[in-house]
Every structure is written in structure tokens, then in C-alpha cells.
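K.L.:
One-letter residues, chain by chain:
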Amino acid sequence: MQHKVIDTKDVVIRFAGDSGDGMQLTGSLFANTSAIAGNDLSTFPDYPAEIRAPHGTVSGVSGFQVHIGSTKVNTPGDYCDLLVAMNPAALEANAKWCKPTAMILIDTDSFTDELIKKAGFKTNNVFLELGVEDRIIIPSPITTLTKESLKGCGMDQKSILKCKNMFTLGMACFIYSRPLEYVNSYIEGKFAKKHPEMVGPNEKVLKDGYNYAANIQLIPNTYMVKPAKSLEPGLYRNITGNQAIAWGLLAASEKSGLPLFCGSYPITPATAILEELAIYKSLGCKTLQAEDEIAGICTAIGASFAGNLAVTTTSGPGFSLKSEALGLAVMTELPLVVVDVQRAGPSTGIPTKTEQTDLLQALYGRNGECPIPVIAAHSPANCFNAAFYAAKIALEHMTPVILLSEGFLGNGSEPWRIPTMADYPEIKPPFARGVLKEGERFQPFKRDPETMVPQWAIPGQKGFEHRVGGLEKNHEGVLSSDPANHQTMVNERAAKVAKIADSIPELKVDGPDSGKLLVVGWGGTYGHIKSAVDEEREEGKNVSFAHFDYINPLPKNTKDVFSKFEKILVCELNSGQFCAYLRDCLPDFKYDKCNKVQGQPFLVKELVEAINKEI
Amino acid sequence: MQHKVIDTKDVVIRFAGDSGDGMQLTGSLFANTSAIAGNDLSTFPDYPAEIRAPHGTVSGVSGFQVHIGSTKVNTPGDYCDLLVAMNPAALEANAKWCKPTAMILIDTDSFTDELIKKAGFKTNNVFLELGVEDRIIIPSPITTLTKESLKGCGMDQKSILKCKNMFTLGMACFIYSRPLEYVNSYIEGKFAKKHPEMVGPNEKVLKDGYNYAANIQLIPNTYMVKPAKSLEPGLYRNITGNQAIAWGLLAASEKSGLPLFCGSYPITPATAILEELAIYKSLGCKTLQAEDEIAGICTAIGASFAGNLAVTTTSGPGFSLKSEALGLAVMTELPLVVVDVQRAGPSTGIPTKTEQTDLLQALYGRNGECPIPVIAAHSPANCFNAAFYAAKIALEHMTPVILLSEGFLGNGSEPWRIPTMADYPEIKPPFARGVLKEGERFQPFKRDPETMVPQWAIPGQKGFEHRVGGLEKNHEGVLSSDPANHQTMVNERAAKVAKIADSIPELKVDGPDSGKLLVVGWGGTYGHIKSAVDEEREEGKNVSFAHFDYINPLPKNTKDVFSKFEKILVCELNSGQFCAYLRDCLPDFKYDKCNKVQGQPFLVKELVEAINKEI
Amino acid sequence: MATLTFKDFKSDQEVRWCPGCGDHAVLAALQRALPKVSQALGYEKERYVVVSGIGCSSRLPYYMDTYGFHSIHGRATAVSTGIKVANPWLTVWQACGDGDALAIGGNHFIHAIRRNIDINIILFNNRIYGLTKGQYSPTSKFGAITKTSPYGTVEHPFDPGSLVLGAKGTFFARSLDVDLKLNEEIMTAAALHDGCSVMEMLTNCVIFNDGAHKEIADPAVRPDRTVVLRQGERMIFGKNNDKGLVFEDNRIKAVTIGEDGYKEEDILIHDAHANNLGLQMALADMKGPDLPVALGVIRDVKDITYDDGVRDQVKDVMRKSKIHCVDDLLRSGSTWEIK
Amino acid sequence: MATLTFKDFKSDQEVRWCPGCGDHAVLAALQRALPKVSQALGYEKERYVVVSGIGCSSRLPYYMDTYGFHSIHGRATAVSTGIKVANPWLTVWQACGDGDALAIGGNHFIHAIRRNIDINIILFNNRIYGLTKGQYSPTSKFGAITKTSPYGTVEHPFDPGSLVLGAKGTFFARSLDVDLKLNEEIMTAAALHDGCSVMEMLTNCVIFNDGAHKEIADPAVRPDRTVVLRQGERMIFGKNNDKGLVFEDNRIKAVTIGEDGYKEEDILIHDAHANNLGLQMALADMKGPDLPVALGVIRDVKDITYDDGVRDQVKDVMRKSKIHCVDDLLRSGSTWEIK
Ligand SMILES: Cc1ncc(C[n+]2csc(CCOP(=O)(O)OP(=O)(O)O)c2C)c(N)n1
Ligand SMILES: Cc1ncc(C[n+]2csc(CCOP(=O)(O)OP(=O)(O)O)c2C)c(N)n1
Ligand code: SF4
Ligand code: SF4
Ligand SMILES: [Mg+2]
Ligand SMILES: [Mg+2]
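So the protein lines, in turn, are chains A, B, C and D. For the first sequence, this note's numbering gives the first residue as 1, with consecutive numbering after it. For the second sequence, this note's numbering gives the first residue as 1, with consecutive numbering after it. For the third sequence, this note's numbering gives the first residue as 1, with consecutive numbering after it. For the fourth sequence, this note's numbering gives the first residue as 1, with consecutive numbering after it.
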């Protein structure tokens, strides 16, 4: 059969299987292949908390969704065009994400009575039970074919079975007209040195999968997603949010000339930042895996005092633990970047799922009047800039800065045009310089009258001996419980943070800068809101969009922007936290809310509906 | 000289001296004497963080202010009628609190050149330097007179000097026509058993002080504050806020029939609650001094699971440390009372000073959507009811409850009409009862549809074995990462807290229930705001006052109350935290703010000025 | 009271550890030990509370059909403490990982040991963070290459045994996950011990630290590289039961019976009940190549428990005090009447 | 480099401890030791950082004219760790109380010891919470009556020495506040020790725990109830220098030279440099009535420090890696060109 190759703007593919089925790898390889083919894309890994959840159970299903396009891709997609389900549980958990026109590719070998039952099906007609019997089903005996493909290659049975995902990947590559080069080069990179005998079989099974798909009669059409013209020319790479944060911090270290110190305690989904930084000792970075989150931030505060660019990274519960020490960083006015990769809470919650529910904690979760700048990243690649500028603000304004990311950003990835460091600004901390006069003492809390920023004298600097600490002090650094001094210092610490507004970008409006409805978002919902608003505008609706990367302080023009719209709709993955903050900061406006707390990103569809309700 | 005894409505006396001078005791004894004499009163201890700060320094001055009256006394008073200054530093630190008509009593023996210099005076004319030279100065050689009084009594010099405060107290008693009986009985109570030889000398020096004051020509008038008629008849005692919290919790333990368990770590100014509870083992109370605040709350959560009325007490920085575990209490839906006696922050801040700056942390300082009821006490004696009802809500609604107190309330005291426990309501936790059917499993998160409260099955109960924890679960208590279930549970936990509004008192308006201006407060500012509003209303101003004891949820009628006023002025000892919360909860109103962050209570004067600006 | 069997302690929840994980065996040993303990002490099932922190091993409470509390990372010991002190009648078992108990939970761990709270702590030591997918833990070996130490760690591990003894622990035992029999034995001894019992289970993590303890766990070398200490018995080990431990030059030394003049009588006799911190520390601290790793109950001494202490003090004060209800309390001390 | 004197280490801040507080003497010893240390190691003053937590004793940094960090309760050790790892060239001293280091800060304390961070920790052990006005601490004696234990505590205290050794500490010394000479000696040894040095100073709190250590500190009994251990010297003590320590029956025993046949040669020779955890534990754990309390440097062994390890690893990777700047990094691995 000669397949018709249909040109299409974008497709969404969802790979799903047991935790041990290698779906995360399959998805990544498919994404990278597409990236190299010039597509824009966005990925969304969605996996369980268990390491190897019991075989064949719904709770153990691990998924990876990738959205590739020939134009700008903002989200991993609501619904998929192809669902790969390696077993009944994967089908059961993911069928609801299929478009009406979707293909469903299953490994028929795993659809045994036992596994069908284990997945919770009542009958053997799984498609009917799920109401997806009208989709294009591609039943393939993947296990059998993989075994056949690798018969006699010298691998043991267990290793052979692990190659099922390569067979499947080959099939997907055929369906979407992807060349196999990238995957082959990955296989070589992975095995050539230590297991050269594995290269051939892996490449073979991939190719066999590709050929199998080409030969069977079940695939009505294949598709082609052309390179995205919207992508600026340049050198690209795929990057996850966690990786981008690590790299952004390394960039800030280079631009400030200060060694990077990261004191952290592992926690999902933030751990990968620490893991990533642990690799780059060659850039002078030190990572300290602390005994807990409190030690993580306290070692970082110590490192900051000692003159490093200090960082601590964590997620929800770990962020809670840092509350007290954040106050110390505020009082000592030391630079510090605190990264919180938010996850579904409260408490341990659903560790591997995404959410935006730590915002109010970031703003207010400390005793006393304790203001800290808060910045949020809005896409995986944007995490690089968000981290870089978080560090820049921390170092130049002598303050801890909280950088909010989200599981969705941290684990998700997108292609990123690699920047050149020469294009980034220098970072210039307010180092205490010069020599003090005889008898003169360094005043650790004397401020620049413009910015309210104090100077930084780093131990080792002769003559600048001074003490910092958590007790209230006067400008000279001497303990003081004087009421007026306390009010002054409270006000000055607040003013220092407020004045950061002078050095951050203004809020931009996507769409007309006045009108009926302004949709407002922050953080990782950017892509979804952008897609929804674009969709609405294409339909001729009067909607604009303003997304906040800087939360505390708000961009200076926020009030101006808001005042030009009749309605404001704040969309966020929590019960209304940014909205609460806006109501306090800019009480003159009326805010409507669109919220979701399900451990999952928005669907574009949900946002479109919410917008439609407003107009 | 025959002194004229002037009847007066109220007087404010401020005792000030070195940390070692015993001013806290002197002040308390004077307060108790007045209480027994039938006055209403309010006290305000104001002491440094150092245990024995260096002799004669301003930073080492310890003060105790007491306000006694023949009518209702709401605050310890802005300014004093008598300042007792045991040394130059005490004078220097406190002269600013003197009314224009004030008397200043000093121990001339301590006004040596050295100590005058140490206190930071430039000249020896200390009164002129401070601008209080026109006050009525009562210079008395207290040290010399005390030594003389006790010569040959067999006490060593050090012990004799410690009696200076008794001499001074004697003088104060004369000036304010207080009988010496109460102090004498205190002396007997303290010494009779272990040091009977101390009784005579102490009583003597007190009497000698009294007589000395009567004999010198320096005291123009003496004063009499008649018993307060406004006080309801009954049995009274003096009580501090910290003590009242401890007792309120013991009362709740009795009324619920559950043993009280307090897991806490010492921290100023909350420690006294733990210390107080440690005494009452005879009421079955267990106190566990934990290794830190996290262990404090976690042992309490464990004790709650095991069926005790569980409590943890702390202040600012310690409260920060409990953030993560608070989330666990929310997720496990276990009853728990968390007391935060707020102090000046951020970080270690000014530990012995008062503030209301932990409110937003109490409301929001946790990862995830993590709602917790918040209640605030409004006076030292009110702490009893606040603690009782905090425990009642926790136990009946299966939730942690945060009770906010303040250093000002915790250390301050007032007379309290002793209630009878029979007048308090029973506390009825929703115990899981009955027997389960064969094969039926207890569902730990199945809720009462009215209140959204789950049942409480305590270990030891046969057949009700179940698991709780920090991970998201479904109603059956089985782990679930299902998006819809998560949204349901998030909503239900929020609804459970919101529904507490059905069982708390409505918001009361002091003054007309509609008009120009509603002054709004919460917590320990009650007395000051009440005084200011009363003052204004006496002047004929159109002002009403609404004070919030219940913060989350807000009383149901809050919106109604607010809607009847043209303006709302929110007064608080922070930078506007309750106001921020109100703006989110009731965004339809415009709120003005009056704030102070100085580690000190409001002055009535300041509030009056703020109110005048509004109308 | 009906006799309990291991089935009574099995919950209806699916066990979600990786196939081959060492935790399975420890769970099985516990489910087998508890019926015996119940029999011996007359405990009903509803009296058991199983507490844990966060980690793979901390999933254990879900698999036990008892009251269970899956708390937060590191805090299990504090939660257990609260449960036991609030209601000493309950019998508390705790599961925690090396990260959970010794990294973030280190403080609660040593304080519970110091206070001698009567809880039974099973420390699953796989020398790795399992649940977060393979970072080093405070017990990872010096130089361990893990996700957060791509060039090897540069920090010395804790030895849980030394730490427990350093905190004056009254009970410490060590074993290998697979040794079901010894584990049941240890768990039973722990249950009978009145005080804080710490059982270090050397577990394997097939995914992130496979062969975590292979230098001693490998059946081929195990007899020569471990010694099982049993009360009153000589410290003899080795494939041929011909090796033993002696104390010489202020240290423990391994010798071969029959060589260099060593006779069986020279070999140390184990006394876990003696309060001899120095020697027990030396035993707990033994490691290769010169010395075998000690397994079994290394220390098991009597001392006052905190929970009993608190309970008794409450009883005592109740008897002596004049304040028996809140009305008494409110009227105690200095009061006055206003008419 | 100008020679430093104790005056150089005195700040202009008024010392705010109570008159008679034991902390004064420890401060004085430190101000005297540091000039000597500076001389010996060629350190400039600006190289010193003094860190503390919260407590009376933690006020110390204000009184030292060095860089200082008065952190938060219990976290001094973590802050010190960060400082030292970030810049190993700095020399870090830390002051902390028994509550600060062993209650809330217990975990950081044992982890710094485990990692062998090269910091010098002075532990002010007055067996009470001073700053918060007299609650018991983790080192308060069993039964201590304090504000939070009106009927006496029911919990066993930590022995900081045992805890340090249990965490495999490389340096532990103990002394009395008033013994200025020994304290200077110990502080100098700690400074010379490359690794985590813990100095337990038994201090008096005149206000809330007066006589905290009187059973051994009282000059009348001190010679008989304490033994000062010095490297290479026999463990001899007593008013008449006639008592000594021997090792018998697997335990340490105090004997009188000349009685029961004991000769001076039988008395143990102190070797702080030997890695003998069992014996050193036994020494650290000695207490009355049978044994004297050991003072002086009990253990001082060489081992790799964490801060050096980190620094060396960074250097090593820098040398070997191909990634030398962020531009290299961004372009490493898999990239593609879009034209
Ligand atoms: C406050 C907090 N910090 C970090 C984590 C992430 N976390 C979960 S388990 C774990 C460590 C697991 O290792 P271990 O305790 O040894 O248990 P194992 O999985 O090996 O059995 C970590 C770091 C968390 N859940 N909570
Ligand atoms: C987070 C936190 N918890 C509690 C406190 C209160 N606090 C301050 S110092 C201290 C203990 C002091 O005892 P110790 O450490 O022994 O020092 P000392 O005063 O005896 O020298 C406590 C409980 C605090 N400041 N911060
Ligand atoms: S990851 Fe390791 S510790 Fe966790 S369940 Fe799997 S084998 Fe066990
Ligand atoms: S209270 Fe005790 S420890 Fe604190 S300064 Fe006074 S004597 Fe020293
Ligand atoms: Mg582990
Ligand atoms: Mg202390």
C-alpha cells in the first residue's frame, strides 16, 4: 500500500506504558528527532510517584506527550492524534486524551485477559468500554515482533523485551515521516563505548518497527509536519526547565564573576536542578547535598556571606521548611536565589504532578514583615532567563529572590535557540570598596539612597569586619530594639524590594492594549493561555493577554495596563492566589478568576470556555 | 505635711530599672494590689532580650507599665502619671512616656556621674536634657534608705540591695493610697516556708518606703482610684494572656474528655504557655519539650492521631518552622491547636517586643492549597476563651486551628472574672462509632455532608484500622493521583473550613451599625482601638468599631456589616496584612489602613489621629 | 483473644515496591514477627500503629493492616514519639529509610533514642535515596557515584550503629534484608525491649544501588565477612566456624581458633545486656577487611523509658495535687471577690 | 604581617552576659588563643569568621572584632558549613549552646561532624536554656527541675562526647569554663586540627543553673573527679597524682597506683591520634562515682575534610572537562542548526 503523506500543521503524540516500558525515553527521542527536523515542540512527561509501580496497573502508567508543529507550539496539546498504549492500563488511563480522529497504537501481546482485568476493564472489548471504538486502532503484536527482530542477536530475553519501545518508536517515526538518523546516533552515543554489541540490535529493532509500520495495512495515512518557519535561524537545542534553571544560574555565576554554590536537598520535581549543577564543577560550581532543606538554605546563606552566588533549590514541602531561614536572608540582606519547582500540594500531595499553589507562600510565608522579590518562569526554555535575572536581582539588590517554577516546566522541554553569553548583561553586585578611614567602621546596612541597597563586604576583606544576623539592627549593624529604628528598617527593606520595579521590564500586552477583556496569567500557564487567547482572537473576539514574569514587585505599568480593559480574568492553577495578591496591590480593579487544582496543566479548551463566559 | 488625697478615674504607673532591679515583680505586685482593691487594670511588661543586660545601660532597661482605673481599663495607657526610674538609663529610656503632669521618682543614689554618662547623657542635668525638667521630680536616696532600713537584719549586702524595689513599691503604694496587705501576704507566701527570716525585713523595707513617702515634702498630692463599679460582681483573679491560653486549653481538655498533649519548643514570648501547662499534670496534661519546633508540632500530630487534644505553642520563627507539618495536619484532617504568640520580626527580629506580623503567614504560609482556620485573641483574659474555642473548633471540625496571640497579650495581664466550667459548652468530636459490617472498611475521609467533617477513629478501636498521611487520598483513604479526586478533596477541605462560619459568633459592631466610618481591628489592638473610638464618640464623631476574633473563616455577617459604612479603616500592628486578606475576601469594599511596625502597641493617640484623618 | 497470623497484618493494598527490592523481605519478616509478638505479649491487632516518613521504604504502613501513619519526610520519629507518649498502651512500629531517618530526620532520630521512647524503628538502609531516584544518602559509601555525585561523594557515611550508641541507645540490632529468620528474631527482641529499639536492615535497591551490601551479603562471602552476635554466645564466625573475636591492645581483633595459640575459650562472649558502651561501640563499628560486620542484637540494655516516665509522673502529680478539675485551677492562688 | 594580640579580637560592643556567667572566661580564652593560632598558621585577622546560633552563648560573635554571623537558632553549623565550603581559605569558629547545637541544631551538628568540615565548634554546655530563662536542655541531668520540668525531667541527657564520636568525629575535647590555660590549649589544638573540631566547654549559668558542673568543677574535688588527657601521657589523676586508668574486663577502670599491685606502667597512655573509637568512646563516656570525667583532647585523628574534598574535586574536573565557560556548556551535547 502506498501511504498518502498528509501535510499537517501540528500533531500530538502520547506515549504510555508501564513505568518500566521506557516511555519517557521514547517520547524524548521522538521529540528530539522532530526538533532536529526543524519543528517547534513542547513536551509533557506525566509519571507516577512509584519507581516501578506494579506491572500492568493503572496507577503505574507512565506517560509522555509531545506536540510538534510547523508553527509556534505553545503547549504539549490538550488531546492527541496518536496514542501509543503499551498495555491495557495505559489505554485505560489515556484513552480520554484521544482526539475524535486519533489513532491508537497498542501492543496486542499485552492485551491478555489477565492484564485487561488488572487494568480494571469489565469486558474484553476495551475500546467499546472506553467509548473509543471509532478511533483508528492499530493493533500490533509488538512484543512478538521485537522478540523476532532480535532473535539470535545474543541478547538475553529481559534485554530484548526492553527494546519494545524502540520498535514502537520506529513505528511512530514511520507514521510521522521522521528520519531515523537522530535515534541511531543516540544509540551509538549510548552504547558504542561500553556495549558496542548493543548498537546493531537496537538500530535493527528500530528499523524493523519502521518497516513493519510501512508494511501493514492498518495505517491509513502518514503525516508530515514541515519545519517551523517561525523559528528564528540559529543553533538550537532541546532543554527542560530544570536544566535551563541550572544553566541560567551558571550563566549568572559567569557574568558576576562569583562562584556558584548550590545547597539543596533532593525533592521531586526539583532534584534535577541539583543533579545538573553537580555535573558542572568545571565551571567552578559547588553543590552541597545538605542533610535537609533547612541546611540547604542555611549553607547557601553562609556561602552568600562568604561571597558566592548562592542558590537553594526545592519543591513545595521543602520550600515550607525554608520559611524561617528566608527571614534570616531578608534580615542579613544577603543575595540568594531560592528556586521552588512547585508540585501538587498540600503536604506531600501528589509529588509528580504540577501546580501553582505556592505563590502566596512565596509572597507571605514567613514571620514578620519580610518582603522578598518573586519571579516566575513561563516556559521550559524561559527558565534560563528567569534564573539568570533572578540571580542578577539578588546580587545587585542584595536580597533573597524566590524563583517559582512548576513541575510542568521543570520536566517539560522545548527547543531553545542557544544564546551567546556576550549578549547578556554583566552582573554588578554592590561590593564595598576602598579603604576605610582610621577609626571608621563599615556600616553593613547603610543604603544607596536611590535603590536602598546596602553594600556587600565579603569576609577576607581587611578592615571591613562586621556582624550580620537575624536580630534587628541599625544602619551601623549594631543591635537595636528602638521602635523608630525598627519601623525605619522595616520600611527600608520593603522599599528596597519595591524599587526593583525600576529595573525590570514593563508588562507587555499580547493583543490590543485596550478592550473588553484582559486575560492575566503567570508562570507555566503561559503557553496554554497564549493558545487560548490566540484561538479566541482568530475567532474575532476582543481579548488581550498579559503574562507576569515578575510578581513582586509588579511591573510599574501594571496599573496602566489594567485600567484600559473592561474586565480582567486571572487564570491560574490554584484557587486564586495571584488574584488575591492583585486585589491587595491594585484594589481599584475587579478581577474574575479561572482556576484549576488537579495536578494537571490547563487544557486550552478549558481556558477558551472560561474566556467565552466573560465575553 | 498633710497630703491632699485626690480622687482620680485612672492612673498609669511605669516602673523602670536595670534587668536585675526587679521591676517586673514590683509592677506585678502593684497591679495585683490594685486589682484586689477593686480596680480594673491592664499591664504591659516591656523588657530587653538580655537576661542581665549590663548594669546601667539603656539597652538593659526593663520596664513594667500598669494602668489602673475606677472604670473599664482597655489599655496599659499611652503615657504615665508616675515614672519610677531606678537609674539614669531607665530615665533616659522612659522619660518620653511621661504625661506633662507626671511625677518622676528616681533613686538619686544611682545618679552617679558614671551611670549618667553610661546612660548616654551629655550633662548632669538629666531632666533638662530630656526636656522633663518641669515634671514633679521626687529624688530619693532609695539605695541608702534601703540599706539603712535593713541594717543589722542579718542579710548580706547583695540581698539587701535586692530589696530596693520593695522600698520603691512602698513609696508607690503611699502615693496611690494602696494598702500593703497584699504585698505582705505575697512576702509571707514566698518566704515563710524556706526563709522565714526574710519575711520581717521585706515587710519592713516596704513599710519604710511607704512611711518615707509619707514624710517627705516632695509629693504634692496623693491619689485614690476607687474600685471599678463597671466590674461585674464575682470572684476575680489577675491573669496573663499566656496563662489564660494554657488554662483555656485545659478547659477544652476537660470539656472534651480528651487528655491534653502539648508538644512545644521554648521560645520567647510563648514559652510561658508550655511552662504553665507543665505544672498541671494533675489535670492529666502531658507536655513534651521537643528538640525543635518541627518535633513540637509533629509529636502533637502524633498525639492527635492517638486521640489526645493536641497542641503546639510557639512564636514567629518557630511558627515558620512548623509550615510543612501544618500541611500534614491539614491533609490528615486531624484536630490540632497551634498557638503563635507573635513577636517583632522578621527572623529573630526583636524577640521581646510585640507585633501582629504573622497573620498572612498563618493564613497562607504553606505549600499547596492548605486552608486552616485562624482565630485571634484580643486581650489577656480573652485568651482563655480564644484557646477554648480554638480547641473546640479543632476537635469538632477535625482540623488544625491557628490561634494568634501577641507578646503584648501573652505577657500583659488584666483582672478576670473567674468563670464556672459548667457555663461552657461540651466539646463533641465526631468520633467514629459503632461496628463495621463484615467486609466493610472504615472510610477516613468520608464527610458529614452538612459540615464536611470526616470521622475520627482512634488507634485501639477494633476494626477501624486505616492509614492517614500527607499524600492525596480519596474518601476511602486510598492514595489517589486522579485529577478529579484531587480537585474534589481540595474543594472539600476548603469547604470544611468555610463551613465553620456556621458555628462562630457574628461580628458585632461597637457603636451605631451604620455610618461614616467603621474602624476595623483584630487581635491585641482591641483595647487601644476601643479606647480611641470611645474617645472619638465622646467627642461626637460618627465612628463605629468592629473587632475580629475570627479571621478564617470571617463571620458570616461581615459583608453586611461593612456595607453599612461609608469608609472602612483597618488598624493593625503590621504593614496591612488583615487589610490584604479583606481585600481578597470582600473585594467590593474600599479599605484604608493605619499601620505601625515598631515592636510596640498602638498609642490611643495615634489611633485617634488616624481616625480624625478619615472623617 | 484470637490468635493472629501473618495474614492479619497484610492489607488489601497492592505492594508497589520494585520487583527484587529488599523491602519486600523486611515486610514479610515483620508480618511474620508480629503474630508471635502479639502472642507473647497479649496484644490485639488494633493496638499496633505503624508509622513512617517518606521514601520507598516508608510506604510500608500501606501494606500493613494496622493503624498507619505515613507522615512527612524525616518526621516519622517525632510522630511516633507523640503517639507513644499520648497513649503508651499503643505499640508503635516505625519504618524509615536511611535518608528519612538519618538525613532530614537525623535529629528526631537521635532524640527519640536519647529519650528512650518505647518505639520500634526499622531503618531500611539501602545507602541511597530510592524514591527520588538515586541520590546519595548519609550512609552512601565514600566515593559513591550517584545522580548528585557524578564524580563520587567526598563525605564520610554515618554508621547507624555508632550513631545510635553515641546517642546512648538502649537497643541496636543489624541484619540483612534477606535473612528472614534473623529478622524475625531481631524484631521479636525489639518488641520485647522496653525502650527505643533500632533495627538496621541492610536492604538492597535493585534499581539505584544494586548490590548495596554485596561485600557482605553475597552468600559466598557472608559467613566470613559477618558475625552474628547472640546473647551469651561466643563471637565465632566463618565458613568453618573457626574464626572469632578477641579484645587485645585495647581493640577488637579477629583470630582463627587453633592458630597463634587462640582457643575457643579466648573468644569474647556476647553480652548485649551489659551497659558497656565502649565495647559495644567497637563491635558496632567493625568492618572489613580486618573485621567482620556484626549482625544480630548488639546492644539491649534496660533503662527508664520516657513514655513510662511521663505517665508515672502524671499519675504521681495527680495523686498529690489539690487541683483536680479546671474549676479548682481557676480558683487556685490569689483571687479576690468583687461584690 | 603584624603580630595580633588579644585586643585585636575584642570588639567595641559591650559584653552583655550576666556577671559571673561562664561564657566570659571562654571568650577570654578564645581571644587569647587566636593570636597564637594566627602566629602559628600565618592567618590575618580578616580571615576569621565567627558564627553562632541563638542563645546567650551565641552572642559571642558581637564581642569578637572579626567577621561575624549571628544566625538563627540551631543553624549555626549549617551556616558555618556553607561559609567554609564556599571559601575554604576562611577560618571558621562557631559558638553554640547545648540547646542550640544539640536540641534544634542536633542534625546539622552531627552532619558537619560526619562530613568532617574544617570548622571549630565551641559548644557552651551549661545544661540549660539560658536566653529563654531556664528550661531544661538535652544535656540537663535526668530529674533536673527547671521551668519546663517542675517535677523533674524524665529524659536521659546527651553526652556531647559520645554523640560526636558516634558521628565519627575526628576531634573532640572537653574542658571547664574557668580553666583558661587548658582552654587555650584545646582551642589551639582545634585550630591545628584539619577537620571538624568540637570543644565542649562546661560552662556555668549563674542565673538559671548555678553550679551546673559543681560535682566536678568545685576546686576541692576537681583533681579527683576529672582526668586531663594529654597526648602520649599516662592517664593519671587525683590530688596526689596517684590514681590512674587501666583497661580490664573489657572496660576502663580507675585504680590507685601502688594499691592492688598497680604500677605506673600499667596505666593507659593517651593516644588521641589513634583511630580507636571503642576506647575513645569509653573515655568520653566516663563519669562518677567510679570514674573521673575526661578533660582535654580525647580524640584528634586525621581524615579527609569535606571542604578540601569539594575544592579538589572542582579543580580536578576543571582540569579534565572540555566545558570551560557557559558558551561551551550551551553548545555541548545534542544541538541542531536552523537556517
Ligand atoms: C521535605 C521533603 N524533602 C524531600 C523530599 C523528597 N524525598 C522523598 S523520599 C526521599 C529520600 C528517600 O530515601 P530514603 O529515606 O533512604 O528511602 P528509600 O526510598 O531509599 O527507601 C526524599 C529526599 C520530601 N518528600 N519531603
Ligand atoms: C526557631 C527558634 N526557636 C526557639 C528560639 C528560642 N531560643 C532562643 S535561645 C534558646 C535556647 C538557649 O539555650 P542554649 O542554646 O543552651 O544557649 P544558652 O542561652 O544556654 O547559652 C531558645 C530555645 C529561637 N530563638 N528560635
Ligand atoms: S527504587 Fe529501590 S528502594 Fe525503591 S522500591 Fe525500587 S528497589 Fe526498592
Ligand atoms: S542567663 Fe546564664 S548563660 Fe545567660 S548570660 Fe546569664 S549566666 Fe550566662
Ligand atoms: Mg534509602
Ligand atoms: Mg545552654
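If you're looking for bench data, these hints aren't it; they were derived computationally from the structure. The structure displayed is predicted, hence computed values, not measured ones. There could be a bad hint or two in this list.
[To be verified] Just a few of them, taken from the derived set where beta-carbon distance is under 7 Å, the chain A residues facing chain D:
#1 I216
#2 L218
#3 I219
#4 P233
#5 E254
#6 S282
#7 K286
#8 C298
#9 T299
#10 I418
#11 G469
#12 A610
#13 E614
#14 I615
[Unchecked claim] Each computed DSBU-like pair below joins lysine-lysine, with the alpha-carbon atoms no more than 30 Å apart:
#15 A:K193 / C:K7
#16 B:K564 / A:K567
#17 B:K162 / D:K214
#18 C:K322 / B:K193
#19 A:K117 / C:K214
#20 A:K193 / C:K322
#21 B:K590 / A:K590
#22 B:K564 / A:K593
#23 A:K204 / A:K194
#24 D:K315 / A:K428
#25 D:K315 / C:K302
#26 D:K45 / D:K10
#27 B:K194 / D:K322
#28 C:K133 / D:K322
#29 B:K193 / A:K437
#30 A:K559 / B:K590
By construction, the Cβ of each residue, glycine as well, lies at the ideal position given by its N, Cα and C atoms.
K.L.:
Now, for every hint given, state plainly whether the structure supports it.
P.N.:
Hints, verified against the model:
{"no.": "1", "hint": "I216", "verdict": "violated, 31 Å"}
{"no.": "2", "hint": "L218", "verdict": "violated, 32 Å"}
{"no.": "3", "hint": "I219", "verdict": "violated, 28 Å"}
{"no.": "4", "hint": "P233", "verdict": "holds, 5 Å"}
{"no.": "5", "hint": "E254", "verdict": "holds, 5 Å"}
{"no.": "6", "hint": "S282", "verdict": "holds, 3 Å"}
{"no.": "7", "hint": "K286", "verdict": "holds, 6 Å"}
{"no.": "8", "hint": "C298", "verdict": "holds, 3 Å"}
{"no.": "9", "hint": "T299", "verdict": "holds, 3 Å"}
{"no.": "10", "hint": "I418", "verdict": "holds, 5 Å"}
{"no.": "11", "hint": "G469", "verdict": "holds, 3 Å"}
{"no.": "12", "hint": "A610", "verdict": "violated, 35 Å"}
{"no.": "13", "hint": "E614", "verdict": "violated, 38 Å"}
{"no.": "14", "hint": "I615", "verdict": "violated, 37 Å"}
{"no.": "15", "hint": "A:K193 / C:K7", "verdict": "violated, 50 Å"}
{"no.": "16", "hint": "B:K564 / A:K567", "verdict": "holds, 27 Å"}
{"no.": "17", "hint": "B:K162 / D:K214", "verdict": "holds, 26 Å"}
{"no.": "18", "hint": "C:K322 / B:K193", "verdict": "holds, 19 Å"}
{"no.": "19", "hint": "A:K117 / C:K214", "verdict": "violated, 39 Å"}
{"no.": "20", "hint": "A:K193 / C:K322", "verdict": "violated, 82 Å"}
{"no.": "21", "hint": "B:K590 / A:K590", "verdict": "holds, 12 Å"}
{"no.": "22", "hint": "B:K564 / A:K593", "verdict": "holds, 27 Å"}
{"no.": "23", "hint": "A:K204 / A:K194", "verdict": "holds, 19 Å"}
{"no.": "24", "hint": "D:K315 / A:K428", "verdict": "holds, 26 Å"}
{"no.": "25", "hint": "D:K315 / C:K302", "verdict": "violated, 51 Å"}
{"no.": "26", "hint": "D:K45 / D:K10", "verdict": "holds, 12 Å"}
{"no.": "27", "hint": "B:K194 / D:K322", "verdict": "violated, 79 Å"}
{"no.": "28", "hint": "C:K133 / D:K322", "verdict": "holds, 28 Å"}
{"no.": "29", "hint": "B:K193 / A:K437", "verdict": "violated, 63 Å"}
{"no.": "30", "hint": "A:K559 / B:K590", "verdict": "holds, 17 Å"}
The structure fails to meet hints 1, 2, 3, 12, 13, 14, 15, 19, 20, 25, 27 and 29 from the earlier list, while all remaining hints are met.
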